[in-house]
Structures are given as C-alpha cells and as structure tokens.
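Chains as they are written, first to last, in this note's numbering: chain A, 1 to 440; chain B, 1 to 440.
Everything labelled a hint here was simulated from the structure, so no lab data went into it.
Worth double-checking, as some hints may not be accurate.
[Said to hold, decoys possible] 25 Å max Cα-Cα, derived DSS-like pairs, lysine-lysine:
1. B/Lys291 - B/Lys325
2. A/Lys325 - B/Lys229
3. A/Lys257 - A/Lys234
4. A/Lys234 - A/Lys291
5. B/Lys325 - A/Lys291
6. A/Lys109 - A/Lys239
7. A/Lys248 - A/Lys225
8. A/Lys225 - A/Lys235
9. B/Lys291 - A/Lys291
10. A/Lys92 - A/Lys69
11. A/Lys92 - A/Lys229
12. A/Lys239 - A/Lys229
13. A/Lys393 - B/Lys225
14. B/Lys291 - A/Lys229
15. A/Lys120 - A/Lys257
16. A/Lys109 - A/Lys92
17. A/Lys235 - A/Lys248
18. A/Lys265 - A/Lys120
19. A/Lys393 - B/Lys229
20. B/Lys291 - A/Lys325
21. B/Lys265 - B/Lys113
22. A/Lys3 - A/Lys393
23. B/Lys393 - A/Lys225
24. B/Lys235 - B/Lys225
There are 2 protein chains.
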Amino acid sequence: MKKLRTDIRDIFDYGLKAADPGEAIRRTIVLNGDQLTVGDRIFDLSKYERIFIVGAGKASSAMAKALEKILGDRIAGGEVTTKYDYGLSLNKVSINEAAHPVPDEAGIKGTEKILNLLEKCGEKDIVFCLISGGGSALMPLPVAGLSLADKQATTQELLKCGANIHEINTIRKHISGIKGGKLARAAYPATLVTPILSDVIGDNLDAIASGPTVPDRSSFDDSLKILEKYNITKKVPSKVLDYIMRGKEGREPETPKEGDPIFDKSYPVIIGSSRLSLNAARDRAVELGYKALILSSYVEGETKDVARVHAAIIREILATGNPVKRPACIISGGETTVTIRGSGLGGRNMEFVLAAAIDMDDMEGVALLSGGTDGTDGPTDSAGAVADGNTIKRAGEMGQSAEEYLQRNDSYNFFKGIGDLLMTGPTMTNVMDLRIILVA
Amino acid sequence: MKKLRTDIRDIFDYGLKAADPGEAIRRTIVLNGDQLTVGDRIFDLSKYERIFIVGAGKASSAMAKALEKILGDRIAGGEVTTKYDYGLSLNKVSINEAAHPVPDEAGIKGTEKILNLLEKCGEKDIVFCLISGGGSALMPLPVAGLSLADKQATTQELLKCGANIHEINTIRKHISGIKGGKLARAAYPATLVTPILSDVIGDNLDAIASGPTVPDRSSFDDSLKILEKYNITKKVPSKVLDYIMRGKEGREPETPKEGDPIFDKSYPVIIGSSRLSLNAARDRAVELGYKALILSSYVEGETKDVARVHAAIIREILATGNPVKRPACIISGGETTVTIRGSGLGGRNMEFVLAAAIDMDDMEGVALLSGGTDGTDGPTDSAGAVADGNTIKRAGEMGQSAEEYLQRNDSYNFFKGIGDLLMTGPTMTNVMDLRIILVA
C-alpha cells in the first residue's frame, strides 16, 4: 500500500512537471546555432532582424523567463502581462502585472504596451506571443469608444441570462481590440509564433485566452443574434449594441477569419496541456510497471457522480481485469463541477477523492489521487487528496464519517484530519485536473 | 452512419441474447447420457433418485421451461413462483404466479409449496433452485408468528429512516423463513444446484433474491444494531423486535453461515449477469471488426453525469485514440439513477442517450446506444434509445430542443419524435443496462 502511494504521487508529479511553464518551453523550443526548433517547425533566426516577446497569462512570466534563457541577447525586447505577484525578474522582457480574474486598468495599459510594440514590428521581425490561462482577463482592451466598464457590464448580462461560454466569447471577441485574432493582425507582417499553455478542455485554440492569434469563426451577425436570443439588446450598454450594429453593417472591422493572409505568418503551438500531462503521467506509470490507460482528457460533470464512474472502473479491474489488467493505472483529465450542498471547505479534486473513497471502502491494493495542476483545489492550500481502500475505515476510527463530510462539501477538513491532503505549493501553471487510479 | 447503427443494435442484441433465461440455461447446463454438466461441475444423474425444480423470480418460469427441455421425464416435480402473467405452460413443474414488487399471499402460498416439496427430499435427491431478479419479493415467507404485513411495515420503516440495501437485507433475512440460506437448510440433505440469473451489480450471491441458498454473513446482533442505529426499535412492529431479541439470545435459529455442512451439498452458479452480457457484446463487437473495451459492469450514479463521462471518452477516442483506437467499441453495464426534475416521460437509458447526444453534437462517425435488458426503460414501452452525432441537429430541425427535453426528463418523447427509440418488446430477463459506444 505504501508503494502504491509513493507511485501514485510520483506519477502525478510527472504529469505536473510536463505542465510546468519552463519545462514546457524547454521541451518545445530548442536553439541550435541559428536554427530555432519550435514544435515541428524550424525557424532560421539569421533571417530575422529582431526578436520580440509579448503575451499574457498566469504562466506567461515563467514562460518568458525560460524563453529568455534560450534566446538571451538575441531578444530585442518584449511586453508580457501576468497576474499580480506572478511577475518574475527578467532581463530583456518588461513584465506588467494586472488583475485576474476581473480585469483592471493595469491590464489595459499592458495590452496597449503590447500593441505599441507590435506596431513597430516589420516583415523581418519575429514575435513570440506567450499565451496561458488567464490571458483573456489579463489582456483586456475594449475597442475604441468602449470602456472596460462597458465590456464588464456586457459580460455580466451574458452570464445572468445563461449564455454559454462560446456565446460569451463570441461577443467578447467582437468588442475587444486584441481577442479573436486581432493580436495577429496587429503583429502582421511580422512572423508570429504563439506557444500556448492550454487550460481549456479540448485545447481549442480560439477558446484559449479568447484566441488572440488565431482565426475567429464567429461574426458580428452571430453576436447580434446572441443578444437577441437572450433578449438583452436593451440590457447591454447602448454603446456596445451600437458598435455591434455598425459591425454588422460593415462599418467596423470584422475579426480576421481563416484564410486571411495574416495567418500565413502565424504559428500557434500547444506546449502544455491536459493531454500532454496525461501522456507524461501515462509514460511514468508504464516505467513503474503499470499497464496504463488514459480514459479521457475531457472529463466534466458533477464531481461525485464522475467519481462513482471511476470507482466502478476500479471495481471492474479487481473483478475481471477490464478495461485493463493489473497492475493497472487509469488516468483522466478535465475539470468537474461541484454542486454546493453544505458549508464545508473543499474543492472538486478533494471531493472527487472523498466520493470515490466511499465506493472503494475495503478494496485491497488500490489507490486514487486527484489534484489540480495549479496546486490549489477550491479556496484551499491543497491541490487535492489521496485515498486507498483503507481510508474510510481509518477516518471512521478517528470519528470522521465520510458521508457526512461529503454531504456538507467538507472534503478539505476530511483529508486534513487524516493527513491525506495533496500538497504541491503554487505551480505557476494550469492544465486542469489530473486523476490517477492504481490497482496493484 | 447507417452501418454504425446496424452494428450497434447487433452488438446490443448479442448482449441481450446472452441474458435470455433459456439461452443462459442451455449455455450452462448440458446433458450427455447421465452426465449433467452445470458450469464447471458434472453431476452423474444415475446416482440420484429424484430430480426436483424449485425457484422464484421474474425469469424463473422461462428458466424452468428450458431446464424441462433438457431433463424431460427425469424430473419428478417442481414448484416455481413467477410474476403474474409471466407463467409459461410446463409439463413437470407447477408454476405459481404472485405479486411483484410488493409481495402478496399468493407469494407466501408458493413459498410454502416449495418448502413442502423440499421437506420430502432426501439425501439421494437433487434439487435445482432457479433464482432470478424479483425472487426476493416473489418468495416471501415471514418466520412463524410474523405476518406479511409485519415484514412490510418493517421494510417501510427501514426505507424511511434511510437504511441502505445491505442493512435492509440483513433484517429481511432474519425475519424470513427462506432468505439468507434458509432454503438451502430446508433442501438439505438433498443436493442443491442453484442456477442464478443475476440482476445485482457485482453479482454478490447473498444479495441476489436475498441469497436463499448461500451462507449469510449477517447476524441477529447486526439486525438489532441496525434498528438501534436508526432509532426505530419502537417503530417496527413489536413482534419483529421481539423475534430479533429472542434470536440474539439464541432462542430463534440464526441464518446458516459459511462452513455449515448444508453448503457442502449446495452449488450456486451464475448463468446470466451483466458481466456475461457485456462479454457477449464485446465478443460480437470484435467479430464485427471493432477494438472493444469493457469499461465497467458496476456503473452507478446520476445518469446525465455518467453520460458526460461516456461522451468524454468518445471525444478522447476521436482526438487521440485513447483509451482505445478506432474503430472502437466501449461497453458498460450496471444501473444509473435519475433525479427527477421535470414531469416528462423517460427512463435512465433514454435519459443517458439524450444527455450524451448533447455532448456528441456534430461528432462524426460515432453512435451510442443504451438499453435496459428487461426491455422496458422507466414506465415506457421502449428499452432505451440510439443516437449519433447528427441526432441533436436532426431533432432541432423538427423543433425539438434536446436541452429542454432533458430538463423536463422527457427523453421518451424526444426519441419517439425522431424515431430513435430502442424497441425490444418484453425480454423476460434482467441483467440491468447495456451501454454501447461505437467510434468508426
């Protein structure tokens, strides 16, 4: 059992390491003489006059630092925005700190600096745009004539009426000066390379940080239809409605679309993601001797029910060796939700482990871990928790009823009480959650 | 797409056929001269004087009919109880019909006939006890001094106070004249063979029909503790409490336990189950060219969230070939629950398909089926439903909003409207649900 717990943490740490901003940059971007390999492309730096670094996101300062180490004095300058207190000390790139998740004026100033820098860029320059989770809020810039308050009021109305994230992003992109491919337009005719640390299920490039460097698939027409669908044309600020109406009539610039020549010089590359972390965890599990199966990186839904499905798989492995024989490792990613029923302290990862542990009660040779790759699960200092077939019994002996803790969403205190919190400290990254099952 | 739909129904039908009572009997019980093979055991019928058939359950009449065809005139007689309208015409075995799920006096009379028959059996007789889902309600017999009403009132109190199924069964077994191994005790010293069609997750023998022919793991002491735990010692009929108190003091007979010599002559064998049906479906999928994976036969939880996990696996197969490469087939069993939110008509299988279809919208080369193996999903004439990546769009064109139908739990009308109900007619069996995913 102790070996299982050591192994499961080891496997988690490999998944986590694969999402580390510096690690992700170093894995993907390699300089050899003047040849810079970025993913599956090679750029001959001798052909470029200047190299700039821009970007925004919670991990973007760490990404910039790693890229500085690779490119050193070749870098002409840069402007990168990150969250307050996330800024690292850099040599060539100027770091701007701003508010997240609710944007502030510092975010706007940072974005203006980025656009000013991009304006100076010419055909012979190469720009790296470092994108990571939080990039949308950290790189706010309403189109001319609208204020940050107008944008925020619009988002609030959309949230209130029940619009989905795709619909919200459609409107956001159309009233933003930088989202929905507009950063790529600003960088053109420079060459644009966008290393992306994805915090989005499925890694849709136009969803991560609202896709500042990739083609947009939505239109002013779609935007207006969404306002009409939810009957909020009169509820959003009138300037916003006016802007969208003008756009629909062709009097404001559409977001750039697939096929636009600006994208001929734009190279987005995912350098870290749920999928890459699941792969890293899987490879480590195989090294440790487990038959490993990645279930899905798209897992969503109510945490305790998702946990029961995972527990059902553990039970099946024990009973029949399906879907994979022992020693088995099952890995999943994505992000579940918790419907709050009680007033306890917890997070989706800890609640997942607590709910599964109840179903795992008395099973032998099993271990389960769930952790948020950002190192914080819910409003706590823990990334998640670990459990085995003995967890419920051990807690019971200490007077802790798992069902009661689950009922009041108090998973943090449950695992704190039995010493099974998963502590990682801040990780400066986010590729959602990692769930790992071991069956010896 | 049409091929996928043909294949998925084909695979489902194989799973269903494996759970057919007659099919299950014929697969497991084979007569060759005097040698009767039952699973992995062989009985030399020339060594037995008489063969009797008893049993209870919704499928037990069909099981008896198949066994009559095998054993013919060798059968000395028999008493089998099934649900009203489920009785088939038999030659050697007398069929009793009774009420299910709430037991009635006809059930008690049938049980008394079984016990009277078993009393006549001697050391040289062999008895087949045919157990299937519903066997518990169809074979009621309170211990002497208690009435059916006393037993029912006790069950009601246990349900009301939130006791779990394990706790309810503990008490039931102790106030029953036949459950918890007591049928085996009555059959002793005859040889007892118990072919079981399991409708229980995990196929725990002592849970199926309350385990009339297998050792009981609970005690009078446990029974009293359960009444005390839920504070209902005063709420159950006083005769029930008195009986349990007397049992605890050793003045009433305990249920037979593991190691009791009566079980030396008792041979339970699972002839049909979720697991066997999943295996049959898997084998058929492989024949049809799919790489097939059994996820779990233990799937429980809120239907729409379980559906989302299945949809997440489809998405992963499409994106990365995990957990299995295309053409892929994923199979799961067990039984989910539906928290009713609306006043629509539906069942867990149809709701599962509806919820998953929303997540599958626009996916290409995918199909999904979920069906109850008893042929009826919820209070409807449909066993479940089928969907593909085009389902939501097609329904939308007919003015049906999937989200709205799901919100009001109206999955039956949703699939009826688009002609995608899964109709099987009554199947006379139940090994819970079968869910099948195909990704071409």
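Structure-based check of each hint:
For the hint linking B/Lys291 to B/Lys325, the alpha-carbon distance of about 7 Å falls within 25 Å, and the restraint holds. With a C-alpha separation of about 40 Å, the suggested pairing of A/Lys325 with B/Lys229 is violated against the 25 Å cut-off. Of the pairs offered as hints, the one joining A/Lys257 and A/Lys234 is violated, with about 29 Å between alpha carbons and a cut-off of 25 Å exceeded. Proximity of A/Lys234 to A/Lys291 is assessed by CA-CA distance (about 58 Å); at most 25 Å being required, the pair is judged violated.
For the hint linking B/Lys325 to A/Lys291, the alpha-carbon distance of about 16 Å falls within 25 Å, and the restraint holds. Pair hint A/Lys109 plus A/Lys239 holds up; C-alpha atoms about 22 Å apart against a cutoff of 25 Å. Distance restraint check for A/Lys248 and A/Lys225: the Cα-Cα separation of roughly 11 Å lies within the 25 Å cut-off, and the hinted pair is therefore satisfied. A C-alpha spacing of about 14 Å is found between A/Lys225 and A/Lys235, which places the hinted pair at or below 25 Å, so the restraint holds.
With a C-alpha separation of about 17 Å, the suggested pair B/Lys291 and A/Lys291 falls inside the 25 Å cut-off, and the hint holds. For the hint pairing A/Lys92 with A/Lys69, the CA-to-CA distance comes to about 10 Å; that is within 25 Å, so the pair holds. A distance of roughly 48 Å separates the Cα atoms of A/Lys92 and A/Lys229; the hinted pair therefore is violated under the 25 Å criterion. Distance check on the hinted pair: A/Lys239 and A/Lys229 sit about 19 Å apart at the alpha-carbon level, within 25 Å; holds.
The hinted pair formed by A/Lys393 and B/Lys225 meets the criterion: a straight-line CA distance of about 18 Å does not exceed 25 Å. About 43 Å separates the Cα atoms of B/Lys291 and A/Lys229, which puts this hinted pair outside 25 Å; it is violated. Taking the CA atoms of A/Lys120 and A/Lys257, the gap is about 23 Å. The hint holds against a cut of 25 Å. A hinted pair counts as satisfied when its Cα atoms are at most 25 Å apart, and A/Lys109 with A/Lys92 qualifies at roughly 19 Å.
Between A/Lys235 and A/Lys248 the alpha-carbon distance is near 19 Å, which keeps this suggested pair within the 25 Å criterion. A C-alpha spacing of about 17 Å is found between A/Lys265 and A/Lys120, which places the hinted pair at or below 25 Å, so the restraint holds. Taking the CA atoms of A/Lys393 and B/Lys229, the gap is about 18 Å. The hint holds against a cut of 25 Å. Between B/Lys291 and A/Lys325 the CA atoms are separated by roughly 16 Å; this keeps the pair inside 25 Å, and the hint holds.
This hinted pair checks out: B/Lys265 and B/Lys113 have alpha carbons roughly 22 Å apart, not beyond 25 Å. A threshold of 25 Å between alpha carbons decides the hint, and for A/Lys3 with A/Lys393 the separation of about 20 Å falls inside it, so the pair holds. For the suggested pair B/Lys393 and A/Lys225, the alpha carbons sit about 19 Å apart, so the restraint of at most 25 Å is met. A hinted pair counts as satisfied when its Cα atoms are at most 25 Å apart, and B/Lys235 with B/Lys225 qualifies at roughly 14 Å.
Violated hints, in rising order: 2, 3, 4, 11 and 14; the structure is consistent with all others.
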